[in-house]
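*Asks:* Top line first, the protein sequences correspond to chains G and X.
Using the numbering used here, you'd call the opening residue of the first sequence number 1 and step up by one each time.
Using the numbering used here, you'd call the opening residue of the second sequence number 1 and step up by one each time.
Hints were generated in silico from the structure; no laboratory data involved.
Please note that the accuracy of each hint is not assured.
[To be verified] Which chain G residues stay away from chain X? Per the calculated CB distances, all over 10 Å, these:
no. : residue
1   : Gly64
2   : Phe96
3   : Gln201
4   : Ala207
5   : Leu250
6   : Gly266
[What the hints assert, rightly or not] Now the in silico label distances, taken between C-beta atoms and shown as ranges:
no. : chain 1 : residue 1 : chain 2 : residue 2 : range
7   : X       : Phe394    : G       : Phe24     : 33 to 39 Å
8   : X       : Lys362    : G       : Ser31     : 44 to 50 Å
9   : X       : Ser306    : G       : Gly146    : 35 to 41 Å
10  : G       : Val309    : X       : Pro74     : 40 to 46 Å
11  : X       : Lys412    : G       : Leu182    : 24 to 30 Å
12  : G       : Leu182    : X       : Asn444    : 38 to 44 Å
13  : G       : Ile18     : X       : Gln338    : 54 to 60 Å
14  : G       : Leu296    : X       : Pro74     : 47 to 53 Å
15  : X       : Ser306    : G       : Ala247    : 47 to 53 Å
16  : G       : Lys13     : X       : Arg72     : 54 to 60 Å
Even for Gly, the Cβ is constructed at its ideal location relative to N, Cα and C.
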Amino acid sequence: MKLKTIRDVDFSKYAALIALIIIFIIASLSSPYFLKGRNLLNILRQVSYTGIIGLGMTFVIISGGIDLSVGSMTAFVGGLAILVLNAAGATGFSIFLAILAALVIGAASGAFNGFIVTRFKIASFIVTLGSMSIFRSLTLYFVNAGEYRSESPAYQNVGSGLFLGVPIPVWVFIGLTILLHLLLNHTRYGRYICAVGANEQVARYSAIKTRLVRFMAYVITGLTVGVTAVMLSSRLNSISSSNAGNAYELDAIAAVVIGGTSMSGGSGTVIGTVLGAVILGIINNMLNMMGVSPYLQGTVKGLVIIFAVLLQYKKNKSS
Amino acid sequence: MNTALLEAESVSKEFSGVRVLNKVTLSLHPGEILGVIGENGAGKSTFMKILSGIYTATEGIIRMGGEQVEIRDPINAKKLGITMIPQEFNLVNTLAVFENVFLGNELVKKGLLDKASMRRRTQEVLSELQTEISPDARMMDLSVAQKQMVELGKALVHESKILIMDEPTTVLNSEEVKILFQIMGKLRERGVSIVFISHKLKEVKTICGRVLILRDGEQISLSPTAELNINQMARGMVGRELNQVFPRKQFTQGENILKVEDLTVPGLLDKISFTLKRGEILGFAGLMGAGRTELAETIMGIRQKSGGRILVCGEEVQIDHPREAVKHGIAYLSEDRQGKGLLMDFTVPQNITLVSLRRYVKAFIDRKKEQAATDEYVRSFNIKAASLLSKLRFLSGGNQQKVYLAKWMDTKPDILILDEPTRGIDVNAKMEIYQFVRELAKENIACMFISSELEEIMGMCHRVLVMREGRLTGEIQDKDMSEEEIMFYATGIKEGISV
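Start from the sequences and build out the full structure, keeping to the hints where you can.
*Replies:* Right, here's the structure in full:
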């Protein structure tokens, strides 16, 4: 074994972490409020909604696909969960039912995307662009473009509650991160999805059921959408059919890309996606504190995504 | 027939120091059809690519009409009147026939496309070729034979003097071949010279005036077709001594393990039947496109059969996915190592355990067990890698092939299908793979050995089956094996099998 020199260290592996540290330092220097515990927890809570979806999205992107429908799906699943909650009466058990329903409907919605992508071999970009429109339209239709309003005050505790002083969505985000990290790095499924994303033909010749593997990535994403839908709908105790989940796909995909997952598929990390989500959250927070117009924040986010992809592209070219 | 249209003098080509074409000299007369034959890798394509400007020669002179020319690129070749019709046509499927004919050379009037003239000219040429194709037909609606006509039309429109046709008849049925030959005859009368590359010696004998035989990049002969019979041509193509040392054959074969009956895939395989015994190395010879890879892929469940049965250990099995094949103890090393075999961005252990990963999982993947297995293969196969954790793309071809072999041996197969197992690897790695395959046979593993290198087939196999155009055309036992004999079956000179 050769001695490791500084040049042997693969910086690209730690790019997201390095970026996070730099941005964290800049943010703490630029505003005295940034480092306040409440602010930090607030950032974490804010990023957890799209961050959770980003965890699932990591799998879809590693498989070589993309899911644009997650934002509308969040509204769709959240809305239906509230309908289930109200229909079951406002008891503790109905909250359990609503959560279960959200997970099942989320998984089913993801399965719908996955089925069409893998069965009919249509580009995931097109399929999920279509289902994005379908989910939003159905969400609007059921309540005539109004709101899904929960009749259970207790439901709010799920999304607004704290555990050991930390918001529940953050705990869920952490828990799912560990779970999906293990799935990606330590199970057969994780190995298979990287194989399928790297070269589907090789994977098929290696006796891997490539369709099923890719299909499951969309189901996983649907499940994470289900989780976020519960967090979001219970936090507000309602879902706006027109606004809920808007542009979540952008944040989720951005987190994945900034986290170093390759847009062409085949490799990526769950931890990177978490770092990506937090980086985005800090940038947003910074812009808010500096008084930048919220309308401009989309521009910054867009630039960050393009820059992240550009870095990936350069890396691929040089190797 | 006195002044040569094109003369090549001592044309050679090297790729990174390896000479693939050595001093080919010929002259091409106006109105001549010249056949070019040789085995895969004999240098036919290389030579034609030099003439059509895709490659430039390392050495040698090319003259046209007595003057030295430099064929820099395909556009340049076209200007000189040389057109190549490749096996994969250069046609745009979504465009109309006339648009394809004039693609890149559109007629323009007042800054706009002159479609009327292009249509008219295309119609004239197509009528001349006596086909019914409409200039407005869309390319994608045409048959392969019709597409070939369009390619010919293209050459006529641009008044090519030399036409190079690479295996034009492999995609045609016998009726279409007849028509093509008629047209080639007509072109010859107009003074067009045709270079006709083919594996089909009968066709060469029929249509060509002279034939150039290449072997291992060397020009073996250039003589009038009338002076050669088909057997002499075949011998000219292969005639070389066995110059590699193969491990001695062992003949301790067990019971039948694989039986294939009337296996059929429409358009690819036609009623293939054979049996394979434990400990046997069964060769599959044939020319490119004979259906050997397709046979392997059908057994493996990558292609779906339309008829026939596959029996493993006497029991019929249904295999519609490689997963099933693996369950029945079948392993397949594809000829396309990079495209179908290995993940270039995965590490060595990750590649080796990809198929057999199930065995390495308790709750999670057991990395230590994976590593231990890899170390074992690295030792027994003599795999050389700077680091086992580096990506596979940094290994040499030979070492990649060994990793590929390890990957499938790790599934503990009973039946191993090797498809061109030594393609693109160095001599030493080749020897190691031969030795290894021989040892597997000793351990009673049954092996299907697909190869286009005849001496390899002869050196390794107990028995060889020859395929041609999706059918089994010959079976040759060890004692009767000769390259000529295999070539006779592969090219269709001999036919008939008694399995």
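*Asks:* Confirm or reject the claim that X/Lys412 and G/Leu182 have a C-beta distance inside 24 to 30 Å.
*Replies:* holds, 28 Å
*Asks:* Verify this label for me: G/Gln201 is non-interface relative to chain X, using a Cβ-Cβ cutoff of 10 Å.
*Replies:* violated, 5 Å
*Asks:* Non-interface claim for G/Ala207: all C-beta distances to chain X beyond 10 Å?
*Replies:* violated, 4 Å
*Asks:* Using the Cβ atoms, figure out if X/Ser306 sits within 47 to 53 Å of G/Ala247.
*Replies:* holds, 50 Å
*Asks:* Could you tell me whether the CB distance from X/Phe394 to G/Phe24 stays inside 33 to 39 Å?
*Replies:* Given a distance of about 36 Å, which is inside 33 to 39 Å, the answer is holds.
*Asks:* Kindly confirm whether 54 to 60 Å is satisfied by the beta carbon distance between G/Lys13 and X/Arg72.
*Replies:* violated, 45 Å
*Asks:* Any Cβ of chain X at or closer than 10 Å to G/Phe96, or is the non-interface label fine?
*Replies:* holds, 28 Å
*Asks:* If we take the beta carbon of G/Gly266, is the closest beta carbon in chain X still more than 10 Å away?
*Replies:* violated, 6 Å
*Asks:* In this structure, is the beta-carbon distance linking G/Val309 and X/Pro74 contained in 40 to 46 Å?
*Replies:* violated, 35 Å
*Asks:* Could one say that the CB atoms of G/Leu182 and X/Asn444 fall in the range 38 to 44 Å?
*Replies:* holds, 41 Å
*Asks:* Determine whether the Cβ-Cβ distance between X/Lys362 and G/Ser31 falls within the hinted range of 44 to 50 Å.
*Replies:* holds, 49 Å
*Asks:* Is the gap between the beta carbons of G/Ile18 and X/Gln338 within 54 to 60 Å?
*Replies:* violated, 33 Å
Checked against the numbered hints listed earlier, the structure breaks hints 3, 4, 6, 9, 10, 13, 16; every other hint is satisfied.
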